[in-house]
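*Asks:* What follows is each chain in one-letter form.
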Amino acid sequence: MRFKLSIKLTLVFAMIAIAVSVITAYQAFSASRDLILEDAQQQLQDTNRVLATRIENAITRSEDLALFLAANRHMREYHNPGDRKERYDSISEMFEQMLTFNANFMSITFIDSRNYNRELVSFVRQEDSLRRIPLIELKELSHFPYVFKTLRLKPGEAYRSPITMGKIRIVSSDSWYSFPSFRTSSPIYNGDELVGIVAIDVDLGVTFNSLKQDLPSGTELYLANATGDYLIHPEPNKQFGFLLGDRYQLQRDFEALSGLIQQPREISFTSNHRFDLIDLTAGAFMPIDYNSAGERNVLYLGLVGELRSLRTMTSHLINELLVNLAFVTFIGIAVAMLLGRFVSRPLILLLSAMRSLKAGHTHDFKQLSINRTDEIGALSRSFKKMAQQIDNQMLELETQRQSFEHLSRHDPLTGLPNRSYFLSILNHDIANSKRLRSQLAVAFIDLDDFKPINDLYGHDSGDDLLKTVADELRASLREVDTVARFAGDEFLLILNGISDQEAVASVIAHLLERLAQKHTIVEHQLPIYASVGISLYPGDSESANDLIKQADQAMYKAKQAGRNRYQFFSDSPNE
Amino acid sequence: MKTNTLTLTAMVSGLVTLPQVCLATDFRVMAWPGYVSDSAILEFEKRYQVNVELSVIQTDDQMWTQINAPKGKAYDVFSLNTAELQRYIDNNKVQTIDTVLIPNHKNQQAPFDELHSIQGLSRNSQLYAVPYTYSEMGLIYNTDEFSKPPDSWNILWDPNYRGRVLAYEGSVHNFTLAGLSIGIRDPFNQSNEQLISSSKRLIELRRNVRTFYSSPAQSLDYLINEKIVLAFANYGSQQLNDLHKHQLEMAYTIPKEGALAWLDTWAISQSSPSRLLAHQWINFMLSTEVSEQLTREQGLANTINPNKQYFKNDNIHWLQPVENPQLRSELWQQIQQGVSEVSFNP
Chain A
1 MRFKLSIKLT LVFAMIAIAV SVITAYQAFS ASRDLILEDA QQQLQDTNRV LATRIENAIT
61 RSEDLALFLA ANRHMREYHN PGDRKERYDS ISEMFEQMLT FNANFMSITF IDSRNYNREL
121 VSFVRQEDSL RRIPLIELKE LSHFPYVFKT LRLKPGEAYR SPITMGKIRI VSSDSWYSFP
181 SFRTSSPIYN GDELVGIVAI DVDLGVTFNS LKQDLPSGTE LYLANATGDY LIHPEPNKQF
241 GFLLGDRYQL QRDFEALSGL IQQPREISFT SNHRFDLIDL TAGAFMPIDY NSAGERNVLY
301 LGLVGELRSL RTMTSHLINE LLVNLAFVTF IGIAVAMLLG RFVSRPLILL LSAMRSLKAG
361 HTHDFKQLSI NRTDEIGALS RSFKKMAQQI DNQMLELETQ RQSFEHLSRH DPLTGLPNRS
421 YFLSILNHDI ANSKRLRSQL AVAFIDLDDF KPINDLYGHD SGDDLLKTVA DELRASLREV
481 DTVARFAGDE FLLILNGISD QEAVASVIAH LLERLAQKHT IVEHQLPIYA SVGISLYPGD
541 SESANDLIKQ ADQAMYKAKQ AGRNRYQFFS DSPNE
Chain B
1001 MKTNTLTLTA MVSGLVTLPQ VCLATDFRVM AWPGYVSDSA ILEFEKRYQV NVELSVIQTD
1061 DQMWTQINAP KGKAYDVFSL NTAELQRYID NNKVQTIDTV LIPNHKNQQA PFDELHSIQG
1121 LSRNSQLYAV PYTYSEMGLI YNTDEFSKPP DSWNILWDPN YRGRVLAYEG SVHNFTLAGL
1181 SIGIRDPFNQ SNEQLISSSK RLIELRRNVR TFYSSPAQSL DYLINEKIVL AFANYGSQQL
1241 NDLHKHQLEM AYTIPKEGAL AWLDTWAISQ SSPSRLLAHQ WINFMLSTEV SEQLTREQGL
1301 ANTINPNKQY FKNDNIHWLQ PVENPQLRSE LWQQIQQGVS EVSFNP
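Quick mapping for you: the protein sequence lines, in order, are chains A and B.
The first sequence runs 1 to 575 under our numbering.
The second sequence runs 1001 to 1346 under our numbering.
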């Protein structure tokens, strides 16, 4: 209970502090992140354009060499009469040199326009040598699209086939080297006469491998054909999946590229997860025209890179954030504890003041923060005011209660105990006497001739007389004795601790003498006479009512005997 | 602090990436072009919470290579014709099928209501495949070039049409077709001498064709762009459907030698780890929606509303298992590469 409020406050303050620092850090991070992402996309896009140019150059260069070969005299004049053997040898020598100096050329073939487009000269790169295809192995190629498409071309034109997968058997390791390749081919004309075509198989893998080496680490290169099927992919088994019927396509793998195939354009993107702090990547894809001989075709070149700089920044920021958090949390807790004390201590004091008020203890308001100017000060002040008001009201109530009690037990005129109060005092005194084994006397006093005085001199005189009697009775009795007004002009006395009847008689006789002296009642000098009946405890009775009754009877006897006298109950003859 | 960083980032990224994690397992399907639509895949994926990976094959040789690839993918189901199915059963590449798990089998009408009565589907009274679609492989011809339909397959070899003929890439059918054209009585079951004759015939065909196609899309491309006047329709009614769609001046006929016809089925790969799901796939393919979509969009027959007369036609030669598909494939590779004579070492 003591600490609850301050703990709550501490928690709230600390949480606010943490939230503020997290939000601030995230905003800072978010802003820098966006800048980095933008920058990364731009960089990838620029790199991509450079790569695209280099690829286009590599393709164009192969085409230029095909055109160069197609202009070769030995091939143009191959079917002319003369030494065909010599032409064959010089074509072979040229092919061999061309393959030797172009590591990315996998084969060069001279194809006849006749004989179902049978190969005339063909060289193929093998593992680490070149192989001239023997005559007997030369093939008829009329059914190959690149052949019949090239044969339709005009001099100086070249056809490029769609990129497909080339394969070379590596004998030493009994495995296959596969690579993206395309074939560039050009028709050979001798004047207007179509002689054949020359075709070069180009290994694009060589080009791409050299491109890849120039890429920053963590950046992956992608190449896809017009349908989005991968030709180059970081996972080799996704390359040329379409040859086996698999659909490994960039528009299926990159959400941002879903519309690329329908509408070829440059697209750059970042992995689009606002809160993903780890695996952030950026990508840039662009179409490369791969049109050939009137056929429209396109390739898609793409770079996808993990954002290293962003990653570094993220971990840096997170470290900083953690330190900040620890610091802010510590400060937050400290401040919260101080604030908690500042707020909760006066409240605790108020609470304890309230408790003591409840318990009826006197209270000290000095500790309360009465002088504070804030709400707690106002609360303390109004609490103090309230406590004082309660005190005053309690006091008033007590006074009222006491006066009510007095009224209910006393005669308003004389201020003497009334009949019922007298009875309770008598009972109390009897019990006391019983315990002390002492005696007490009850005296019943009735004023003689009170009515005539009342009638003669008026009610005021009567009242004055009764007051005078009361004063006289009071004055002549001891502390331990009791005098009460029984009714009208009747009074009762209790005399405690009396030794014998004589002592009582002497007190009463003395009393009657005092009354018989002249008293000033209004403006008259009057003696007062009274008849007194006396009963004794335990001699006459042990009951309060009986004692009163007996005293009354004895008083009546005293009246009969001639007034202004006293009579003991025990002395009066029973009737 | 380093550990904390890692934990925090791991937590953060965990929170973010969790909902994106694909819970579904992969279900691999290999089928012919047009057999499985994208909408059917989406529906199946949604219904069974799997990720369907579809491979579209274009020749029987390709499929056999894929299924037998030592490091290949574990396919769950694939579509193949009843003749091809036999070597898959022989080599234990397919699982038995329980029609109890295929309630939609009740949709299939005669003759497909009695699966055990259909040749090639079962062995030792165990069912291995459920029919899905069928077609004969007829002859496509240009109506401008031919006032009446060519009556013989030999028209493909006619030098008048050299460079304007389109043939198909598959080895098995080509040998059967070559056998049919030179009058071999049982073109599905050729002796070595007959295979050599057929090889010669196919080299002649190669010299007469513009090229060989593999997919329906490729054939359509050549039909439109290469002035083709005659084509062997490996995909049958599916290709006919394409011709109509593109309003080409082409028609379709069945020559007097008759047409080869395939009955394609769904089979469950021996390597499938999810036998139940595979049955659910087949069941899904036999649903009215999917089967009718196949006919509506691809022009392929379905087994729910089959043409009963079709199966009584004498001119239809249902594909039979061939004597040696491997040998046919090897010979075809040589021919395809352009040899002028096959080297034959059986």
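If you're looking for bench data, these hints aren't it; they were derived computationally from the structure.
Please note that a few of the clues may not be correct.
Claimed, not checked - In silico DSS-like pairs for lysine-lysine, Cα to Cα no more than 25 Å straight-line: (1) Lys1148(B) / Lys1093(B); (2) Lys154(A) / Lys1227(B); (3) Lys1256(B) / Lys1312(B); (4) Lys85(A) / Lys139(A); (5) Lys149(A) / Lys1227(B); (6) Lys1312(B) / Lys139(A); (7) Lys1046(B) / Lys1106(B); (8) Lys212(A) / Lys238(A); (9) Lys1071(B) / Lys238(A); (10) Lys1256(B) / Lys1200(B); (11) Lys467(A) / Lys518(A); (12) Lys385(A) / Lys358(A); (13) Lys1093(B) / Lys1071(B); (14) Lys167(A) / Lys1093(B); (15) Lys1073(B) / Lys167(A); (16) Lys549(A) / Lys518(A); (17) Lys549(A) / Lys434(A); (18) Lys238(A) / Lys1073(B); (19) Lys139(A) / Lys167(A); (20) Lys212(A) / Lys139(A); (21) Lys238(A) / Lys167(A).
Unchecked claim - Which chain B residues stay away from chain A? Per the calculated CB distances, all over 10 Å, these: (22) Glu1145; (23) Ile1184; (24) Lys1245.
Unchecked claim - Label pairs and their calculated CB-CB ranges: (25) Gln1309(B) / Pro134(A): 50 to 60 Å; (26) Ile133(A) / Asp1026(B): 26 to 36 Å; (27) Pro145(A) / Ile1196(B): 25 to 35 Å; (28) Leu1101(B) / Glu255(A): 28 to 38 Å; (29) Ile133(A) / Leu1042(B): 41 to 51 Å; (30) Gly294(A) / Ser1197(B): 35 to 45 Å; (31) Thr24(A) / Asp1026(B): 39 to 49 Å; (32) Leu1101(B) / Ile18(A): 51 to 61 Å; (33) Arg1275(B) / Thr24(A): 52 to 62 Å; (34) Lys1245(B) / Pro145(A): 49 to 59 Å.
Backbone N, C-alpha and C define an ideal beta-carbon position, used for all residues, glycine too.
*Asks:* Decide, hint by hint, whether the structure agrees.
*Replies:* Hints, verified against the model:
For the hint linking Lys1148(B) to Lys1093(B), the alpha-carbon distance of about 45 Å lies beyond 25 Å, and the restraint is violated. Proposed proximity of Lys154(A) and Lys1227(B) is supported: the alpha carbons are some 20 Å apart, at most 25 Å. Proposed proximity of Lys1256(B) and Lys1312(B) is supported: the alpha carbons are some 16 Å apart, at most 25 Å. As the CA atoms of Lys85(A) and Lys139(A) are separated by approximately 19 Å, the hinted pair is consistent with the 25 Å bound.
Our distance criterion of 25 Å between C-alpha atoms is met by Lys149(A) and Lys1227(B), whose separation comes to about 13 Å. Restraint check: the Cα-Cα separation between Lys1312(B) and Lys139(A) comes to about 44 Å, which exceeds 25 Å; the hinted pair is violated. Distance check on the hinted pair: Lys1046(B) and Lys1106(B) sit about 24 Å apart at the alpha-carbon level, within 25 Å; holds. Restraint check for Lys212(A) and Lys238(A): the C-alpha separation of about 18 Å stays at or below 25 Å, so the hint holds.
Distance check on the hinted pair: Lys1071(B) and Lys238(A) sit about 14 Å apart at the alpha-carbon level, within 25 Å; holds. With a C-alpha separation of about 22 Å, the suggested pairing of Lys1256(B) with Lys1200(B) holds against the 25 Å cut-off. Of the supplied pair hints, the one linking Lys467(A) and Lys518(A) holds, its CA atoms being roughly 15 Å apart against a limit of 25 Å. For the proposed pair Lys385(A) and Lys358(A), the alpha carbon gap of about 15 Å is at most 25 Å, so the pair holds.
With a CA separation close to 15 Å, the supplied pair Lys1093(B) and Lys1071(B) stays within the 25 Å bound. At roughly 28 Å between alpha-carbon atoms, Lys167(A) and Lys1093(B) are farther apart than 25 Å, so this suggested pair is violated. Straight-line distance between C-alpha atoms of Lys1073(B) and Lys167(A) comes to about 21 Å, which keeps the hinted pair within the 25 Å bound. Pair hint Lys549(A) plus Lys518(A) does not hold up; C-alpha atoms about 31 Å apart against a cutoff of 25 Å.
Simply put, Lys549(A) and Lys434(A) have alpha-carbon atoms about 20 Å apart, close enough for the 25 Å limit, and the pair holds. Taking the CA atoms of Lys238(A) and Lys1073(B), the gap is about 12 Å. The hint holds against a cut of 25 Å. With a C-alpha separation of about 18 Å, the suggested pairing of Lys139(A) with Lys167(A) holds against the 25 Å cut-off. For the hint pairing Lys212(A) with Lys139(A), the CA-to-CA distance comes to about 36 Å; that exceeds 25 Å, so the pair is violated.
Using a Cα cut-off of 25 Å, the hinted pair Lys238(A) and Lys167(A) holds, with the two alpha carbons roughly 16 Å apart. At the 10 Å boundary, the C-beta of Glu1145(B) stays outside the reach of chain A, the nearest C-beta of that chain being 19 Å off. Remark: the non-interface label on Ile1184(B) is consistent with the geometry, its nearest Cβ contact in chain A lying 24 Å away (cut-off 10 Å). Residue-level check passed: Lys1245(B) sits 20 Å from the nearest beta carbon of chain A, beyond 10 Å.
At roughly 56 Å, the beta-carbon separation of Gln1309(B) and Pro134(A) lies within the given 50 to 60 Å, and the hint holds. For the pair Ile133(A) and Asp1026(B), the supplied restraint of 26 to 36 Å is violated, since their beta-carbon distance comes to about 44 Å. Checked against the given bound of 25 to 35 Å, the beta carbons of Pro145(A) and Ile1196(B), roughly 28 Å apart, stay inside it. Roughly 36 Å separates the CB atoms of Leu1101(B) and Glu255(A), a value that falls within the hinted 28 to 38 Å.
In this structure the hint that Ile133(A) and Leu1042(B) lie 41 to 51 Å apart at CB holds, the actual value being about 50 Å. Between Gly294(A) and Ser1197(B) the CB atoms are about 41 Å apart, so this pair conforms to the stated range of 35 to 45 Å. As the Cβ distance of Thr24(A) to Asp1026(B) is approximately 44 Å, the hint placing it in 39 to 49 Å holds. Distance hint for Leu1101(B) and Ile18(A): a CB-CB separation of about 57 Å, consistent with the stated range 51 to 61 Å.
A C-beta distance of roughly 57 Å is found between Arg1275(B) and Thr24(A), which places it inside the suggested range of 52 to 62 Å. Restraint check, Lys1245(B) to Pro145(A): a C-beta distance of roughly 23 Å breaks the suggested window 49 to 59 Å.
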